[in-house]
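For the record, the sequence lines run as chains S and U. If you read the first sequence in my numbering, its first letter stands for residue 322, the second for the next number, and so on. If you read the second sequence in my numbering, its first letter stands for residue 9, the second for the next number, and so on.
Hints were generated in silico from the structure; no laboratory data involved. Just so it is clear, the structure is predicted and the values come from calculations on it, not from any experiment. Where a beta carbon is used, it is the ideal one built from N, C-alpha and C, also for glycine.
Covered stretches of chain U, going by a simulated chain S footprint (3 or more residues, C-beta under 8 Å):
#1 143-156
#2 180-189
#3 197-207
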Amino acid sequence: MTTVTLFGLCGAILVGLGLYSTLIHPQPLRKLIGFNLLGSGIFLIFGVIARRGAWSGVGGDPVPQALVITGIVVAFAGTALAAGLLLRLFEETGTATLESPRAVDPASDRSEP
Amino acid sequence: MSTSGGAWLVAAAVWPLIAMLSGFASGGRHASRVALVSMGVGLVIVVVIAVLVLAGGEPLVYLLGGWAPPLGIGLRADGLAVVMMLTTVVVIGSAGLYARADFGPRAGLPETRQSLVFWTLLLGVWGAMNLVVLGRDLFNLYVGLELLTFAAVPLVCLDGRGETLTAALRYLMFALLGSVLYLLGAVLLYGAYGTLDISLLAERVQPEPVTWAAAGLITAGLLAKTALFPLHLWLPPAHAGAPAAASAVLSALVVKGSFVLVIRLWFEVMPGLWNVAATQLLGVLGAGAILYGSILALRQKRLKLLIAYSTVAQIGYLFLMFPLAFDVGSARLEPGIALTGGLLQLVSHALAKGAMFMAAGLIAVALGHDRVADLGGVARALPISVIAFGLAGVSLVGLPPSIGFVAKWLLLSAAIATGQWWWTMVLIVGSLLTSGYVILVLMRSMSPLADPLRPVVQVARSREAIALALSLGALLLGLVALAPAPSVSIISTGAVAAETLAGAGR
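Take the sequences, apply the hints, and build the full model.
Structure representation (structure tokens):
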């Protein structure tokens, strides 16, 4: 097995694990961690594709390497925003779940199924 | 090669972001003024681009730094981009004028963080929308989409209540999942074809497993962001919980940003990759959205939730263009009247839904609640708002002369022309259900009260007028769309859709 295949498979496994925990777990924090796992898997695949594009004298295709830096920054910003919202939600309501939000004022009687 | 006048595209992409930063730097007291002035300038920029595209008859292109793809990235304004940018600046500008009373400076009161955040994010949404419609590079578009999400999510929870925080968090979770799926698809395409540029990819893609996987991932990611049924769960609480001006922007524009990318992917990058099943599947999801969203809208007890479910339904109409534009003979998606109809539906919904949320916001302020059952007497107290709601409803239902009528007429014609009668049923039932919830609200608000209604808070006539102007725009644009239009290709793959539009309208 070549290094590229090995790392590609690792990336695929990370994507699968991340996708699973993002979709299955109801708790937002777990979803967030799953999202990060999924992101890491994708960034690893970026690295694999960079390595596959290597030619003589250059260790890897520089374009995916440039993209992955931006991708990491964006994923970091998304995680920070979600963590901030989660902390604020905990301060406001004392819980950090997405299940059955409490109606805060009586005027907003919810009628969702 | 950049075309002459291409530099205007840079102005369109960068100007809102400059305004955002200077609004942020100038503080909450001046942010509203900075925002409104910059929206005026932005309107001029977009009009110049529109005139250049119309006059030249072909898209404007700008290559950043003079580097051609695949090394560099390009911006390009075709018919789709121009229409989206015009709609965006009109809706954002109206929302800005409308929001002055809520978030503008008030004499004698200290500046609030909420107002600073609102104006900054509003400008952020505007800039991100322009970037998303102009971008030609899939990764650049990914950054634009993320910018759009990060600007839109905090707009949902500006008031900081637990309920809206939950809605915002759920929205963010859907959006983040959607964006990583999109990114995975984009990187697969890069790995297979060595470019992320839309035009180059269109030349290089082959029907093979990696393309299908990438297309599926990108589409799924974008659908989560567009809130197509059954991925709509985040939309109603988020759009109903936001302040009225923010709801208008979220419903009218933000969900359309990712939809534009669906059009780019399906019609431009890989028009020949699809088969009947794939296009019918999108149509079925759209039909599900129309029926499910409309029926739930009918059952809502709160006006803003009703309008939010109506958004779920109206998004469904956009996806009917895919089965209707699929040409079985050549097995390709052909840009024709179905695409034009979908695009007009996009504009119609943007204007009408913006007007509806603004009118509903004023009604909620005046009554102190927005329970549909207790709307009695509102038509007398706030006649302009109710008229604005009704006229917007006319466009959503698709009655002439509204632009919604032209959109649905084109979709109907395409369904009949391609012999797909089942979509005509969906269109007709959808319109009936839509008229059901619009008439329900109008009847409730016109039912007389024994005592004349006393508004809790007096709302300014000027704010009602903004909602009315948007709904009148949706109503009267239909007349413009019926007039013979100059031919401009909507997307780069040719097709003089505006001409067919004029033909089909008569």
